[in-house]
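K.L.:
Same order as they appear, the protein sequences are chains A and B.
Per full-length UniProt numbering, the very first residue in the first sequence carries number 1; after that it's consecutive.
Per full-length UniProt numbering, the very first residue in the second sequence carries number 1; after that it's consecutive.
Honestly, the hints are just simulated from the structure, not real lab data.
Each hint can be trusted.
Pairs count within a copy or across copies, as identical chains cannot be separated in the list.
Within a straight-line C-alpha distance of at most 20 Å, the following computed SDA-like cross-link-like pairs (lysine to any residue) qualify:
1) LYS57 with ALA16
2) LYS336 with ILE128
3) LYS6 with ILE232
4) LYS31 with LYS353
5) LYS44 with ASP255
Protein chains: 2
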Amino acid sequence: MSNKIKRSYIREILDATDVNTISFAGGLPDKELFPLKQLSKASKKVFKNSDCLQYSKSQGLESLREKIASIYTKNLGFFTSKDEILITTGSQQAFDIILKSLDLKQIIVESPSYIGALGAFKILDKEIIDFKKINDLESLLNNSNILYAISDYQNPSTNVYSNKKRKNISNILNKRKSILIEDAAYCFLNFKNKVKTPISKFYEESYHLGSFSKIVAPGLRLGWIRAKKENIEMLLAAKESLDLHSSTFNQMLIDEYLNDNDLFSHISLINKEYKNKMEFMAKCFKRYIPSFKFKKPKGGMFIYGSFKIDSMLLAKEALKENIAFVPAEVFYLNEKSNEARFNFTNASYKEIKKGIKKLSYIVDSFEDKINS
Amino acid sequence: MSNKIKRSYIREILDATDVNTISFAGGLPDKELFPLKQLSKASKKVFKNSDCLQYSKSQGLESLREKIASIYTKNLGFFTSKDEILITTGSQQAFDIILKSLDLKQIIVESPSYIGALGAFKILDKEIIDFKKINDLESLLNNSNILYAISDYQNPSTNVYSNKKRKNISNILNKRKSILIEDAAYCFLNFKNKVKTPISKFYEESYHLGSFSKIVAPGLRLGWIRAKKENIEMLLAAKESLDLHSSTFNQMLIDEYLNDNDLFSHISLINKEYKNKMEFMAKCFKRYIPSFKFKKPKGGMFIYGSFKIDSMLLAKEALKENIAFVPAEVFYLNEKSNEARFNFTNASYKEIKKGIKKLSYIVDSFEDKINS
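With the hints as extra help, turn the sequences into a complete structure.
P.N.:
Next comes the structure, spelled out in structure tokens:
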């Protein structure tokens, strides 16, 4: 830990952007789809009770924990009780809470992996080791390290672990006895509204991370950890040392929202819109930058692919022209890359078209330079 | 860092209490004084802009940072710009952010000190050394450690540093070059609405912590760090690794509330009510438990004093009878104590009377045992 810790490239980009920037960089949901009216209506009820502004319990609001537990039981086929849920200030906070509570130094991550997790691991001075293939896990995992995995629409790669892969990973875990942190921030964002069973169901020493950021709204900063009761209790000291508890008001707001609204209808609406936007962006790429190679994702919020040129140089040049995207180098521990991540949910259709078209000129001038 | 970290005794009490408990334990403000209607009104305006539910910048909302900076400049006589403010998820989060950003192992704290800070320091594996007299600081402080000080209505002791003491401490700091973390969570809660100039004004390498918890509402979990610009920038990596940023909605809510309401009129109202409640609790102690010795505080939310008996044993016995207060042992690093902290802001007048009266019977039976 030192003052030489680098900020996340993405957060720096977000801070650097302004109204003139077309941003494909952050993992920002489409704000047009936020249930603004429904939450506003819910807030009126919440404001009738002054407890909404008071301190509350470290583990989180009981009725909200019950609702989250019921999502596991009913929608993920993973029986869960309210005692197995800890509410966090965004899913991001879960990394710090879990890592502080476990006396383990080494974390195994997929390559590439989520930049926010890598940042949290680095700041706690953890040793990070990456893997490219599931088969490598057999030799890497042991009972004194942690596996960090993103099973659904992996950020950034957009890959989904098949049921066979999940079974394979849980078998290795049961044999090798590592701790599992399974990040499921995107698990409900399947364009066909299908969900897969978490690996955590098949492995007891697991922490399954969820979030309201992608399915309700990120600005409320509410996520959760799902783990067995004894492990949740072990996390409470770290949670309370961080911020005592997550915002009482925001917890009551989402709880009230869930009382009056069908979350999964809302998620269906998000998935429908996101699929359309993804298809549109894919079309723009094929038309304007055919040299950018990618596989269309089945869910999530990103298109991930590969340029023929250094994506870091391209990203820096693009930012000068007010177009932001993320060069994949920042998702790797120590590797150059031509890959890049594009968010398709934040920008409007008009901006997507304008942005990709404008980017195509920059790509062309780069390719010209290389070919000349 | 290990899974043997103990939870805060206070948070455990708070979790253990129910509707039947009369609680003098937590630092809970009087919820009757929350500006519920004003915040509800502010929320209607906030909900008109879907940005309130979106991700936002790590340092915090610009207009809210401007308002906080202006409180420093106008009300504390400490010139401050928005670039010198970082919004945190409650003042509690500031400890983790600052400690992760500084590569310093040792922290000097007053004895007794704030339990939430001690918890945050312990979980980050810091070496904590306590002092009882300001004069001891001269030999303890050096350029590789941190002084943690609570200048106003110290929690738990309720002491306020005089202007002379503040000058004295800043002189020592300027000479010895430690980092200062000055916790000012209670600085505006003076019963006569007077404020003292922070030590931080006279020492550049300082982090001054503020909070909306005591002057607006704790359930929104919003506080801030005031430091020079270069130091604020150094904190951003730690802040974003924790929760990306504090709740956008809650920041916009308080910002909007401050647009339409005079914060310091509201604080005056709080101070008037708190003085009355403090005087009432003091009267109850004198009437029912005259053996409890204390000095009436000039502000804040607590009465701190000393029993003739072991306050930890008393607190445990009292909790069985549904009365909660905090035995001072938990505020010391490693010391037995007869002292205890009583919060007077959370309970109603009726509960204060009932609670202290009931506690007097328990105290009597303890004293009888000792004398028999």
